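Since the structure of chain A is provided, determine the placement of chain B on it from the hints.
Number of protein chains: 2
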Amino acid sequence: MTDRTYSPVTNEILQELKAIVGERYVIAGDDDKLEPYSHDEVKGEQYAHMPECVVRPRKAEEIAEIMKLANREHVAVTPRGAGSGMSGGAVPIEGGIVLLMDRMNDIVELDKENMMITVEPGVVANDINEYLAEYDLFYAGYPMSLETCFIGGNVAENAGGGKAVKYGVTSRYVLGLEVVTPTGEIVELGGKLIKDVTGYNMIQLMVGSEGTLGVFTKIVLKLMPLPKSQVDLLCLFDSAEQAIECVPQIMTRSGIIPTAIEFMDRTAVRAACEYLNESIPYEQAGAMLLITVDGPSEEQVEHDYMQIGDQCMEAGASEVYVADNSTTSERVWKVRRNIGEAYNVISKRQCAEDIVVPPACIPAIVGKLGELSEKYDVMMPCFGHAGDGNLHARIVSPPEWSDEQWEPVAEKILNELYKFTAQCGGRISGEHGIGHKRKKYMSYFVSEGYLDMLRAVKRGMDPNNILNPGKIFDLQGKA
Amino acid sequence: MTDRTYSPVTNEILQELKAIVGERYVIAGDDDKLEPYSHDEVKGEQYAHMPECVVRPRKAEEIAEIMKLANREHVAVTPRGAGSGMSGGAVPIEGGIVLLMDRMNDIVELDKENMMITVEPGVVANDINEYLAEYDLFYAGYPMSLETCFIGGNVAENAGGGKAVKYGVTSRYVLGLEVVTPTGEIVELGGKLIKDVTGYNMIQLMVGSEGTLGVFTKIVLKLMPLPKSQVDLLCLFDSAEQAIECVPQIMTRSGIIPTAIEFMDRTAVRAACEYLNESIPYEQAGAMLLITVDGPSEEQVEHDYMQIGDQCMEAGASEVYVADNSTTSERVWKVRRNIGEAYNVISKRQCAEDIVVPPACIPAIVGKLGELSEKYDVMMPCFGHAGDGNLHARIVSPPEWSDEQWEPVAEKILNELYKFTAQCGGRISGEHGIGHKRKKYMSYFVSEGYLDMLRAVKRGMDPNNILNPGKIFDLQGKA
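Taken in order, these protein sequences are the chains called A and B. Residues in the first sequence are numbered from 1 upward in steps of one, following the working numbering. Residues in the second sequence are numbered from 1 upward in steps of one, following the working numbering.
This is chain A alone, in the form it adopts within the complex (with noise of 0.2 Å):
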């Protein structure tokens, strides 16, 4: 960004790069052809970089070759999935080669008898599950942008999603990895196994890594039984804090764990009943939590979600509406999974918060964005995973503000919103990751003595920093 620190991607390079993938595989002298590899869906001209070529490998062999080539010259290499990431991590801040995987979407074997899929990264998570369906199982993923996110993005982030609660995120999934080294060599991690301590678990230390320990080549991934019966709940209340005052006691009290408690507070909900042209029952409630239980039959899950009605009336809920067939179920399921698109077609001055607090702090941090909402005047939707105590706010910037006007209050706002959380024990992202994005803000979370882990792990596995430099922490000095 500032000085060059890598060397650039010569005439010479391209002509190895086209050798190693075949020429038309390789992007390169054209901007317009090279600016959608230029950023991912954080909004912001100063989140975005040019890549110098963008390569799309076939095989794991080709990346191994091109890690090696990068390493020799010195080229930044950042790896790709759909570009669907909340955290600038798939852009190329040192230019360099963008390498991108969407040739890379096998389903590589489904291994019913041991419940495990292997998939290429380019897979779109949503395929896995309707490539499953008619085999009664299924992957418990559930990122909101599964329509269209790829599989070995999931993992580089470790992706959330709606089915948290019960199923736990991403990581827990992952089984086995083929992935590339930054230094270009190609190891096995894990394997078609459910327990291993055969070494270190270099399978999560990658989970999540956003790219920077290594290209993800193939992913077994553990798979579920089908559910037999699913139910969705949606539950109305006056006000967002009696909403979210009753998720931490929907498990403590019912000691059942549901599959979801996602929380819309109403604005959210307008946003994107009106971006879908959809209508539930948002005018009534000034916030809603959608409850999924799910489970291998009708009578158990029949007596979990009656539970969990009653609870929810008992804290004050107006309403307890039941969406127990799949068309209605998907209807409000795709209002939650369109929030987000719907603010971006709002405003294009705006912040996608991640923050995630120990559950039971969700009402103190909704009580402050709701004040900080009244004090700087701008709208900040709340919704999210509330089940897990990870909490998209959206701190959008009024539509006649300039970005002059816009910037300051923003970095104010985000400034005071991060101190709170970080005093509640929370941290900034739980599920859309670091980035170039929030790297800036990582000291209000963490010590420098865990950043110097983290540095002597990335100097460990990639001495030259050649995979995806400058995100998460800077290796030198204060991140």
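FYI, nobody ran anything at the bench for these hints, they're computed from the structure. Remember, predicted model here, so these are calculated numbers, not experimental data. Among the hints, a few may not be true.
What the hints assert, rightly or not - Derived pair list, reagent style DSS-like, types lysine-lysine, alpha-carbon separation capped at 25 Å: (1) B:K218 - B:K68; (2) B:K222 - A:K166; (3) A:K33 - A:K43; (4) A:K166 - B:K166; (5) B:K334 - A:K112; (6) B:K222 - B:K166; (7) A:K112 - A:K166; (8) B:K166 - B:K112; (9) A:K218 - A:K112; (10) B:K18 - B:K33; (11) A:K112 - A:K222; (12) B:K18 - B:K68; (13) A:K439 - A:K412; (14) A:K228 - B:K166; (15) B:K112 - A:K166; (16) B:K59 - B:K33; (17) A:K59 - A:K222; (18) B:K43 - B:K334; (19) B:K166 - A:K222; (20) A:K112 - A:K228; (21) B:K228 - A:K166; (22) A:K33 - A:K18; (23) A:K375 - A:K334; (24) A:K166 - A:K222; (25) A:K228 - B:K228; (26) B:K222 - A:K222; (27) A:K348 - A:K334.
Just chain B now, kept in the frame of chain A:
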């Protein structure tokens, strides 16, 4: 072991250690007092090594000082919990200091609202659940040594145990760690957070790192609602093959994930029953499955265990006994937990194996064990966490054999067993760890590229190789 690579613990160093932790908490100069810390549960003189001193710190700050001293003086430090390990992980094979964690045994805080508990590493695993019982919460770890093992050791080894089929292993429950690094910094990782991608997943790198990357001084564990109902099934089969073939089908056919699926062959059950002077109906059966089902209601648990019982009968079980009260349940589980101990009494010449394979391969592995047992004419009782693909075979010398007779035979059996396991896509350890016991076999299962990754991490975090050196892999050359 060969040339001395570390400095001796001199009188001056001992004085410094006494100044740090207090004179009475340093053991030195008395072989009788040091001997208990020269080994863990691994049998065989060749795996034991005397420490030069044992130090019993009370606080993270003391451990930080000890690590700084050890780095300055180049003395090896080996952390140790209850010494119930199965791979020599706590054995000070380079002499030096044993860091005994027994005094750090406080339950620091129960956070009911967040369903989390913070403990020190020296708390006995079972004490956590005894403490939690009155709050309708539980910690889902269930290692077979739970009455003696320390939670710190469970985290260091990523202990598995009896409930991992449904609940997963230790790693799933570790949300936060306070760690003293190998160079003596105190660092906090994670916290009371269900999701967190604020940096690499250092917690999961620490879990299962066998005390080579850091010393845990505080552990935040996720808790679960105490199941309101639990039932054990004891399913008797005529043969081990029949029992084990049933295992992968239970989940794929019923769609139910039981809490536990433990396999025990007849000789294993008999040994434990004789050791405990207990009688469970083993005489009728060639092998049995101990299957546990738990859940939030009696109806659901009944539904689940009826289905699973039917599955077992269809798969050829001769009897299915239902243990639906805690006394009977504990009797059966006590038999399972004591198989290892029973064989310890029978012979001192034995190997306790911990192989893990893709779950669908366990019938093949059990067949191979039978074949090897016949070929070499040694007892090979077989038991373990069949639902996870993790089998504990004991290879037990006939009582009349000498060491000279036993050792080459054991070596041959292990070689054949490990090669077959590797062919199945399996690994050498599912939960006991590598330590120094299994180090020389690592190359059967993992690549040099993988080991180089581990070495890079270890070198980055422990540049002087002070903390638990010589475990899992050798830093130089081939492991």
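Hints versus structure:
With a C-alpha separation of about 19 Å, the suggested pairing of K218 (chain B) with K68 (chain B) holds against the 25 Å cut-off. The straight-line distance between the Cα atoms of K222 (chain B) and K166 (chain A) is roughly 13 Å, inside the 25 Å bound, and the hint therefore holds. For the hint linking K33 (chain A) to K43 (chain A), the alpha-carbon distance of about 19 Å falls within 25 Å, and the restraint holds. For the proposed pair K166 (chain A) and K166 (chain B), the alpha carbon gap of about 12 Å is at most 25 Å, so the pair holds.
Under the criterion of a C-alpha separation no larger than 25 Å, the hint pairing K334 (chain B) with K112 (chain A) is inconsistent with the structure, at around 34 Å. Our distance criterion of 25 Å between C-alpha atoms is met by K222 (chain B) and K166 (chain B), whose separation comes to about 15 Å. For the suggested pair K112 (chain A) and K166 (chain A), the alpha carbons sit about 23 Å apart, so the restraint of at most 25 Å is met. With a CA separation close to 23 Å, the supplied pair K166 (chain B) and K112 (chain B) stays within the 25 Å bound.
Simply put, K218 (chain A) and K112 (chain A) have alpha-carbon atoms about 18 Å apart, close enough for the 25 Å limit, and the pair holds. At roughly 17 Å between alpha-carbon atoms, K18 (chain B) and K33 (chain B) fall within 25 Å of each other, so this suggested pair holds. Straight-line distance between C-alpha atoms of K112 (chain A) and K222 (chain A) comes to about 10 Å, which keeps the hinted pair within the 25 Å bound. A hinted pair counts as satisfied when its Cα atoms are at most 25 Å apart, and K18 (chain B) with K68 (chain B) qualifies at roughly 15 Å.
Between K439 (chain A) and K412 (chain A), the direct Cα distance comes to roughly 17 Å. Compliance with the 25 Å bound is thereby established for this hinted pair. As the CA atoms of K228 (chain A) and K166 (chain B) are separated by approximately 17 Å, the hinted pair is consistent with the 25 Å bound. Pair hint K112 (chain B) plus K166 (chain A) holds up; C-alpha atoms about 18 Å apart against a cutoff of 25 Å. A hinted pair counts as satisfied when its Cα atoms are at most 25 Å apart, and K59 (chain B) with K33 (chain B) qualifies at roughly 23 Å.
Annotation: proposed proximity of K59 (chain A) to K222 (chain A) holds, straight-line Cα distance about 23 Å (limit 25 Å). Among the hinted pairs, K43 (chain B) with K334 (chain B) is consistent with the structure: their alpha-carbon atoms are about 22 Å apart, no more than 25 Å. A C-alpha spacing of about 13 Å is found between K166 (chain B) and K222 (chain A), which places the hinted pair at or below 25 Å, so the restraint holds. The hinted pair formed by K112 (chain A) and K228 (chain A) meets the criterion: a straight-line CA distance of about 17 Å does not exceed 25 Å.
With a C-alpha separation of about 17 Å, the suggested pairing of K228 (chain B) with K166 (chain A) holds against the 25 Å cut-off. For the suggested pair K33 (chain A) and K18 (chain A), the alpha carbons sit about 17 Å apart, so the restraint of at most 25 Å is met. As the CA atoms of K375 (chain A) and K334 (chain A) are separated by approximately 32 Å, the hinted pair breaks the 25 Å bound. About 15 Å separates the Cα atoms of K166 (chain A) and K222 (chain A), which keeps this hinted pair within 25 Å; it holds.
Under the criterion of a C-alpha separation no larger than 25 Å, the hint pairing K228 (chain A) with K228 (chain B) is consistent with the structure, at around 22 Å. For the hint pairing K222 (chain B) with K222 (chain A), the CA-to-CA distance comes to about 22 Å; that is within 25 Å, so the pair holds. Distance hint between K348 (chain A) and K334 (chain A) is fulfilled; the C-alpha atoms sit about 22 Å from each other, no more than 25 Å.
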